[in-house]
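S.K.: Protein chains in written order, with my numbering: chain X, 300 to 614; chain B, 23 to 332.
It cannot be assumed that every hint is accurate.
[To be verified] Calculated from the model, a selection of chain B residues having no Cβ within reach of chain X, i.e. all distances over 10 Å:
#1 V56
#2 I58
#3 V160
#4 A162
#5 V167
#6 P185
#7 A212
#8 Q214
#9 T221
[Said to hold, decoys possible] With the Cβ distance kept under 7 Å, some of the chain X side facing chain B (calculated, not the full set):
#10 L363
#11 V365
#12 L366
#13 R367
#14 A388
#15 R389
#16 S393
#17 T399
#18 E408
#19 A490
Hints in this document: simulated from the structure, not taken from any laboratory.
C-beta atoms are modelled at their ideal positions from N, C-alpha and C, and glycine is treated no differently.
Residues per chain are reported as follows:
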Amino acid sequence: MTGESRTDGTSDETIPAIEFDGVTKEFTGRTAIDGVSIAVRPGEIYGLLGPNGAGKTTAIGVLLNVLRPTEGSARVFGHDSQTDELAVARVTGSLPEGFTPYDTLTGREHLEFVCGVREDDTPPGEYLERVDLADAADQRAGTYSRGMTRRLGLAMALVGDPDVLVLDEPFAGLDPTSAQLVRSLVCEQRAGGSTVLFSSHQLAHVQELCDRVGILSAGTLVDEHILSETARISITTDPPLSDVPREILECDGVTEATLESERLVVECERARDRGVVVSTIVEAGYAVLDIDTEGVSLEETFTDVVDRDVDPSTS
Amino acid sequence: MTDADRIRPGVVRTIVVTELRRFKRPWVPLALLVWILVSVWRTVYGAETDGTPEVISSTAYVVRVNPETSDAMYAVFEYLSVWWHVNSIHLLVPLVGLVLGYELIVTERERGRLQTSFLLPARRSTMIVGWYIARGVVLAVVLTVPLVVGWVLITSRFETGDPVAYAIFTVATVGYGLAWLSIGVAVSAAAQSARQAATVVAVLYCYQLVPIHHLIVSGDPLYQLQLLDPRHAYLTVATAPYEHLFPRLHTNVAHDVYNWESTRWRTTFTSEEIPAYLSWPVGVAILLSWIVLPLVYAARNVADTELVSQ
Chain X
300 MTGESRTDGT SDETIPAIEF DGVTKEFTGR TAIDGVSIAV RPGEIYGLLG
350 PNGAGKTTAI GVLLNVLRPT EGSARVFGHD SQTDELAVAR VTGSLPEGFT
400 PYDTLTGREH LEFVCGVRED DTPPGEYLER VDLADAADQR AGTYSRGMTR
450 RLGLAMALVG DPDVLVLDEP FAGLDPTSAQ LVRSLVCEQR AGGSTVLFSS
500 HQLAHVQELC DRVGILSAGT LVDEHILSET ARISITTDPP LSDVPREILE
550 CDGVTEATLE SERLVVECER ARDRGVVVST IVEAGYAVLD IDTEGVSLEE
600 TFTDVVDRDV DPSTS
Chain B
23 MTDADRIRPG VVRTIVVTEL RRFKRPWVPL ALLVWILVSV WRTVYGAETD
73 GTPEVISSTA YVVRVNPETS DAMYAVFEYL SVWWHVNSIH LLVPLVGLVL
123 GYELIVTERE RGRLQTSFLL PARRSTMIVG WYIARGVVLA VVLTVPLVVG
173 WVLITSRFET GDPVAYAIFT VATVGYGLAW LSIGVAVSAA AQSARQAATV
223 VAVLYCYQLV PIHHLIVSGD PLYQLQLLDP RHAYLTVATA PYEHLFPRLH
273 TNVAHDVYNW ESTRWRTTFT SEEIPAYLSW PVGVAILLSW IVLPLVYAAR
323 NVADTELVSQ
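Using the sequences plus the hints, can you model the full thing?
M.R.: This is the structure:
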């Protein structure tokens, strides 16, 4: 953690860690994003969700000063990304979608470069170990697979323990093991107090990690969805339960569990906790016959939004 | 400007070292070898004199007015033919500078690698200066090593030779290369695509193959403009140690081309005085301007540029 944003008071809880304020970006002949306004609170994991071409990468590009907004502004802890880019860069680690390493440099040399510019004395090998690239540290990055390249980019983004982590499609091209590694790193960063913004079109990752999700469609923020809201799961088992298993009450995220007409009703902090509950029941020796989850799931919301935005005349 | 905004030497050093590491490529020692061979060729086979007074070898600058100067000076100026010669580093140095510079920004932008560096907490201009220094070091090595080899050969073949004058010639040559490196970087910053940059570089290189020095010294109406040409500035600076041997203004009264490779010039002087606009301080100022101004343009251009296009 750089600490800078905290020592100068800019990480005040009243100031969003990341803020898009009416950002519009037009390219020749088309509007990529239109009046997008988002405020991400410090310590939050926020997901930008949307189909290909929805404007996720454009929004992140504006935030990172890779693109200039046509209208509006983007800020990190109150620092305007266009006029105060150094302040933004100091507190932000980023993994752009099109991250391309230098072919002739090794992974270690990439990290030495970033550590040098960020004036971080941490041995570069530590960052490579965090992304499971220690064995390939002295291998030229030009020989890395796509997954290794993404992990190298993530290691570079982690240098200096940034207050804000911005990841554009961090799971793209990753195998399940690497994806799990990225998820763990994101959680570690949040646990350390970082704010994380990432884009993805993979609902499972978003649902598992994010506190809130903004859904972009055709360049417009069409919905914001809070994923930490309580979920109510109703489960029918075989044989029917006579009592609430103790293991269910010990599951992470479970706040309450009761029996209603032989159906187990579990209150969870998040809908994604459903998987843990079900596996616990199965491990306890019961077969799951039926599951009902109350509340609108992210998948339903996303599908609704995307379907709504498809122009029937073009389909 | 806050303290945090100031350029930190450690950061610049990191950028330079990283850029130098990127030159761990097979073509770098190969390019160095080619230059050494050119140098050996010119110093061993080019430094010939025909023994005739008032005749110069290969360059309109060198006038053999003093027999005792038939020494290393000739060898030095074998590098500097102003006529259309593939043997002149005067014509080859720009190629090295342009090749090292023209892809610096535009190619990196096309490959998406500009973001890798520009998202870090260092000004884009700092990055460009760091990259320029690194490539300047590569250029200096590629140019200096062959000239040092040439110096060894020159001193082994001639009894006299002024190391200071040769050092000035070497520094001027590196400065000339840096000017073309800057021009290449500016082209790279302005170009929309690597193909466009390559086209502009090709046009520039063809232009600099056109001999202009004889137009300047023969009083061409456009000479004042041509004085700003980096080639002329380079020749002025490189020949500064020999001002006592030949003037800057002379006319060509005879121009005999014996064959494609061997040119002899007979000259008569129009003036013993060296005009101020042909003096070495002016040459140095022009050369420095060609180093600094294109770099400033590139830095400003990149500072305002979007790093991806859609």
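S.K.: Give a verdict on every hint.
M.R.: Now for the hints, and whether the structure bears them out:
1. With a closest Cβ-Cβ approach of about 21 Å to chain X, B:V56 is found to remain outside the 10 Å limit, as its non-interface label requires.
2. With a least CB separation of 24 Å from chain X, B:I58 remains clear of the 10 Å interface cut-off, as annotated.
3. Annotated as non-interface, B:V160 keeps its C-beta farther than 10 Å from every C-beta of chain X; the closest such distance is 13 Å.
4. Distance check for B:A162 against chain X: the nearest CB is about 20 Å away, which clears 10 Å, and the non-interface claim stands.
5. For B:V167, the requirement that its beta carbon stay farther than 10 Å from each beta carbon of chain X is met, with the minimum near 22 Å.
6. Distance to chain X confirms B:P185 as a non-interface residue, since its nearest Cβ pair spans about 37 Å, more than 10 Å.
7. No beta-carbon of chain X is positioned within 10 Å of the beta-carbon of B:A212; the least distance is around 18 Å.
8. Separation of B:Q214 from chain X is adequate, the least Cβ-Cβ distance of about 13 Å exceeding the 10 Å criterion.
9. A cut-off of 10 Å between C-beta atoms confirms that B:T221 is not in contact with chain X; the least separation is 23 Å.
10. A least Cβ separation of about 6 Å between X:L363 and chain B falls short of the 7 Å threshold, and the interface hint therefore holds.
11. Look at X:V365: its Cβ gets to within about 5 Å of chain B, closer than 7 Å, so that hint holds up.
12. Because the beta carbon of X:L366 sits about 5 Å from the nearest beta carbon in chain B, less than 7 Å, this interface hint is met.
13. Because the closest C-beta pair between X:R367 and chain B is about 6 Å apart, less than 7 Å, the hint holds.
14. Residue-level restraint check for X:A388 holds (minimum Cβ-Cβ distance to chain B is 4 Å; threshold 7 Å).
15. Hint on X:R389 holds. Least Cβ distance to chain B is approximately 4 Å, under the 7 Å limit.
16. Look at X:S393: its Cβ gets to within about 5 Å of chain B, closer than 7 Å, so that hint holds up.
17. For X:T399, the suggested interface contact is upheld, since its CB lies about 4 Å from the closest CB of chain B, less than 7 Å.
18. Here the hint on X:E408 is kept, as its CB sits about 6 Å from the closest CB of chain B, short of 7 Å.
19. The beta carbon of X:A490 comes no nearer than 24 Å to any beta carbon in chain B, farther than 7 Å, and the hint placing it at the interface is violated.
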